[in-house]
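Peer 1: Here is what each chain is made of, one letter per residue.
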Amino acid sequence: MKFLRVDMSAQTVKFEEPGEAYKLYGGRGLIAKILTEEVDPACDPLGPQNKLIICTGLLAGTSAPTSGRLSVGGKSPLTGTIKEANAGGTAGWMMSRLGLRAIIVENAAPGKCFILKVGSGTAQLLPGEAYAGLNNYELVARLQQAFGEKIGVISIGGAGERGYRNSTVQITNTEGYPSRAAARGGLGAVMGSKGLKAIVLEPGAAPVVTYHDREKFNSAVKSYVQGIKAHPVSGEAMPALGTAVLINIVNAMGALPTRNFSSGSFEGAEAISGERLAQLQAERGGKNGHACQPGCPIGCSNIYKDEKGEYLTSGFEYETIALNGANCGIASLDAIARIDRLCDDFGLDTMETGTTIAVCMEAGRIPFGDEKGVMALLQEMSDGTEFGKVLGQGTAATGKYLGVQRIPTVKGQSIAAYDPRALKGTGVTYATSPMGADHTCGNSILEQNVAPTQKEGQVEVSTNLQVGMATFDSLGLCIFSGFCTADPANIGHLVDMLASRFGGAWDVNKLFSIGIDTLAMEKKFNAAAGFSKTDNRLPRFMLTEPLPPSNSVFDIPDEELDKAIPF
Amino acid sequence: MQVYVKLYATFRLKYKDYDVPGGICLELPPGSTIADAMQALEIQPEKVSLLRKNEVITKDIHAALAEGDVLEVFPYVGGG
Ligand code: SF4
Chain A
10 MKFLRVDMSA
20 QTVKFEEPGE
30 AYKLYGGRGL
40 IAKILTEEVD
50 PACDPLGPQN
60 KLIICTGLLA
70 GTSAPTSGRL
80 SVGGKSPLTG
90 TIKEANAGGT
100 AGWMMSRLGL
110 RAIIVENAAP
120 GKCFILKVGS
130 GTAQLLPGEA
140 YAGLNNYELV
150 ARLQQAFGEK
160 IGVISIGGAG
170 ERGYRNSTVQ
180 ITNTEGYPSR
190 AAARGGLGAV
200 MGSKGLKAIV
210 LEPGAAPVVT
220 YHDREKFNSA
230 VKSYVQGIKA
240 HPVSGEAMPA
250 LGTAVLINIV
260 NAMGALPTRN
270 FSSGSFEGAE
280 AISGERLAQL
290 QAERGGKNGH
300 ACQPGCPIGC
310 SNIYKDEKGE
320 YLTSGFEYET
330 IALNGANCGI
340 ASLDAIARID
350 RLCDDFGLDT
360 METGTTIAVC
370 MEAGRIPFGD
380 EKGVMALLQE
390 MSDGTEFGKV
400 LGQGTAATGK
410 YLGVQRIPTV
420 KGQSIAAYDP
430 RALKGTGVTY
440 ATSPMGADHT
450 CGNSILEQNV
460 APTQKEGQVE
470 VSTNLQVGMA
480 TFDSLGLCIF
490 SGFCTADPAN
500 IGHLVDMLAS
510 RFGGAWDVNK
520 LFSIGIDTLA
530 MEKKFNAAAG
540 FSKTDNRLPR
550 FMLTEPLPPS
560 NSVFDIPDEE
570 LDKAIPF
Chain B
7 MQVYVKLYAT
17 FRLKYKDYDV
27 PGGICLELPP
37 GSTIADAMQA
47 LEIQPEKVSL
57 LRKNEVITKD
67 IHAALAEGDV
77 LEVFPYVGGG
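Going down the list, the protein sequences come from chains A and B.
For the first sequence, counting from 1, position 513 maps to 522 in the working numbering; every step adds exactly one.
For the second sequence, counting from 1, position 17 maps to 23 in the working numbering; every step adds exactly one.
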């Protein structure tokens with residue numbers, strides 16, 4: 010698997026053999042390695058010194074389930090930290106079919122607009138002025154017209170072009186819709202700052218992957234898939250009801266962010282639940298149990314149709330629904346789906362957008378529950394009005410601008426859809442992850458031994474999860490395929506996959522050392538960028554303001570937080 | 007006595023005409039416990055991740071139920 014380096018200043022492209030030193034780096038770990046070796050941590054994230062890295066994981070190109078995950082990284086303009094955001098969709102799978110491990114976009118062509126077209130052993134920067142200013146849905150439709158329906162597209166909408174720090178990199182799904190997002194941390198703005206509008210991937214041919222022991226690999230994959238299917242979450246709940254299945258239970262736990270994190274329980278939860286979504290889409294001819302990438306045996310994704318039975322959006326997820334629904338006081342799935350569509354199209358992180366809007370609601374700019382008001386604010390972002398540009402800088406910037414005290418962010422990135430006062434293990438992750446507040450770095454929702462509001466034991470829970478997630482993000486596997494690793498036999502199958510793919514001695518420790526090394530590199534980058542342990546803190550209102558109905562506060566002392574991820 | 011059981015996620019899918027928001031009304035002998043209610047609905051305790059009785063989280067499946075109690079039963083779910 011090769012690296013493709015793209016120099017946007019010189020407008021040249023170069024394929025490279027990465028060499029032995031990179032053999033065991035993929036996904037999030039590879040991003041951390043390249044950034045720590047090649048990018049000055051003090052650089053301006055939107056300047057030419059930053060690099061945009063798009064890569065696949067260690068198991069990419071194989072039959073390992075969900076191994077087509079795509080990682081996108083760079084220094085984040087939202088947080089100022091290192092950033093890896095990953096997404097499903099077909100682009101990771103296609104990169105493997107084109108023999109690519111990574112595309113590294115360097116330098117910048119400010120004010121210009123290019124399309125990078127990649128085929129098997131070929132890459133060209135094409136003039137993209139004709140596509141400038143287009144949002145993702147129309148952009149992808151036009152690119153499909155120009156280059157064929159089977160292409161994969163990695164693109165930015167207007168938000169990335171405008172340099173919004175809450176902008177995404179969007180990725181096409183199995184239907185060719187740009188509905189999967191490497192959403193967090195404003196990487197769309199990094200791509201925009203380079204003058205790169207889209208990467209078009211030709212479909213390619215079956216990937217060429219060498220195996221130490223192919224037969225053993227296939228057998229490990231088979232057993233692991235059985236493990237995924239036998240697990241009640243990845244085998245039953247997610248295929249039937251998607252991630253939105255969490256709405257009702259997180260509400261019952263009192264952890265569903267409601268009206269800018271002022272309550273953990275929303276009276277309209279049932280109306281925006283996964284159960285309701287599945288029922289509605291069965292009536293309208295939409296789809297649950299949809300796979301966002303080829304080879305996913307889970308299929309947590311969906312195709313969401315509107316009242317008229319027409320396609321509205323896809324990959325409509327729990328976080329989006331909770332943060333634009335309950336957290337904005339909106340109890341209509343259709344309303345939230347329209348927000349989701351607009352965000353995917355314009356290229357906004359739905360999570361950061363939901364928390365930003367809720368902060369506007371708290372400030373009295375629009376009332377809670379005002380769907381039309383939300384659409385008007387999104388339109389302001391799209392039009393680039395002065396206030397729209399403020400919104401595009403994210404929740405922390407908007408909160409400060411409006412004089413709001415209760416701003417739910419860590420390191421400038423918004424907290425996800427689990428209030429940390431009622432799910433404290435996830436709270437430790439929000440506080441201490443090198444990514445800023447990010448639930449995908451270690452969500453304790455399935456933890457059975459340590460109660461969610463208990464103070465003791467959460468640092469250890471979070472640390473173990475953070476190592477596990479950093480490992481999965483580096484293998485290039487969707488973290489939802491990892492629920493079954495609660496059973497050690499399934500960890501064994503993963504170890505077998507790595508041993509039979511790469512050769513050499515592998516055990517559980519070597520497997521998880523991938524995550525530990527990744528976290529260590531990320532922390533090193535952040536330290537050099539000026540971050541210290543005092544940045545690893547939750548917003549102070551969460552330490553003092555009890556969260557109804559449990560009336561829990563986040564009471565894990567700072568000294569305890571400092572013991573998390575000690576690598 | 008009558009108690010109401012609200013089912014969530016995959017537990018709910020078994021009932022085609024499941025009533026939201028009422029749940030399932032069960033007729034149980036006085037002195038019945040949460041475990042009895044779950045047994046009546048053929049729900050195995052090991053498949054339950056969260057239980058609430060009258061909106062309060064409980065782990066005690068042997069707790070007695072009273073007339074009009076509302077029980078909420080969640081299987082394991084994840085994602086996000
Ligand atoms: S589990 Fe969901 S997000 Fe993960 S690969 Fe499958 S469809 Fe995509």
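These aren't lab readings, by the way, just hints derived from the structure by calculation.
Virtual Cβ for every residue (Gly too), placed ideally from N, Cα, C.
Where hints are given, some of them may not hold.
Said to hold, decoys possible - In silico SDA-like links for lysine to any residue, alpha-carbon gap of 25 Å or less:
#1 A:Lys381 <-> A:Phe396
#2 A:Lys317 <-> A:Pro306
#3 A:Lys464 <-> B:Lys20
#4 A:Lys121 <-> A:Thr131
#5 A:Lys121 <-> A:Phe12
#6 B:Lys53 <-> A:Ile375
#7 A:Lys238 <-> B:Ile49
#8 A:Lys314 <-> B:Tyr24
#9 B:Lys20 <-> A:Arg293
#10 B:Lys53 <-> A:Asn458
#11 A:Lys238 <-> B:Ala72
#12 A:Lys238 <-> A:Pro248
Stated by the list, open to error - Cβ pair distances, simulated, as ranges:
#13 A:Gly294 <-> B:Val26: 20 to 26 Å
#14 B:His68 <-> A:Ala460: 16 to 22 Å
#15 A:Leu289 <-> B:Ala69: 19 to 25 Å
As the list claims (entries may be wrong) - Covered stretches of chain B (in silico footprint by chain A; criterion: 3 or more residues with CB under 8 Å from a CB of chain A, positions within the stretch not fixed):
#16 17-27
#17 34-46
Peer 1: All the hints need checking, so say for each whether the structure fits it.
Peer 2: Each hint, compared with the structure:
1. In summary, the hint linking Lys381 (chain A) to Phe396 (chain A) is supported, as the alpha carbons are separated by about 17 Å, within the 25 Å threshold.
2. Taken as a hint, the Lys317 (chain A) and Pro306 (chain A) pair is broken in the structure, with Cα atoms around 30 Å apart against an allowance of 25 Å.
3. The straight-line distance between the Cα atoms of Lys464 (chain A) and Lys20 (chain B) is roughly 37 Å, outside the 25 Å bound, and the hint therefore fails.
4. The hinted pair formed by Lys121 (chain A) and Thr131 (chain A) meets the criterion: a straight-line CA distance of about 22 Å does not exceed 25 Å.
5. At most 25 Å may separate the alpha-carbon atoms for a hinted pair to count; Lys121 (chain A) and Phe12 (chain A) meet this at roughly 24 Å.
6. For the hint linking Lys53 (chain B) to Ile375 (chain A), the alpha-carbon distance of about 43 Å lies beyond 25 Å, and the restraint is violated.
7. A C-alpha spacing of about 20 Å is found between Lys238 (chain A) and Ile49 (chain B), which places the hinted pair at or below 25 Å, so the restraint holds.
8. Distance check on the hinted pair: Lys314 (chain A) and Tyr24 (chain B) sit about 23 Å apart at the alpha-carbon level, within 25 Å; holds.
9. With a C-alpha separation of about 21 Å, the suggested pairing of Lys20 (chain B) with Arg293 (chain A) holds against the 25 Å cut-off.
10. Between Lys53 (chain B) and Asn458 (chain A) the alpha-carbon distance is near 16 Å, which keeps this suggested pair within the 25 Å criterion.
11. Distance hint between Lys238 (chain A) and Ala72 (chain B) is unfulfilled; the C-alpha atoms sit about 38 Å from each other, more than 25 Å.
12. Between the alpha carbons of Lys238 (chain A) and Pro248 (chain A) the distance comes to roughly 10 Å, so the proposed pair stays at or under 25 Å and holds.
13. Look at Gly294 (chain A) against Val26 (chain B): about 21 Å separates their beta carbons, and that is inside 20 to 26 Å.
14. Distance hint check: the CB atoms of His68 (chain B) and Ala460 (chain A) are about 19 Å apart, consistent with the given range 16 to 22 Å.
15. Taken as a hint, the range 19 to 25 Å is violated for the pair Leu289 (chain A) and Ala69 (chain B), whose Cβ atoms sit roughly 35 Å apart.
16. For the segment 17-27 of chain B, the stated coverage by chain A holds: 4 residues have a C-beta nearer than 8 Å to a C-beta of that chain, and at least 3 were required.
17. Restraint check on the segment 34-46 of chain B versus chain A: 0 residues with Cβ-Cβ distances below 8 Å, three needed, restraint violated.
In the structure shown, a violation is registered for the earlier hints numbered 2, 3, 6, 11, 15 and 17, in ascending order.
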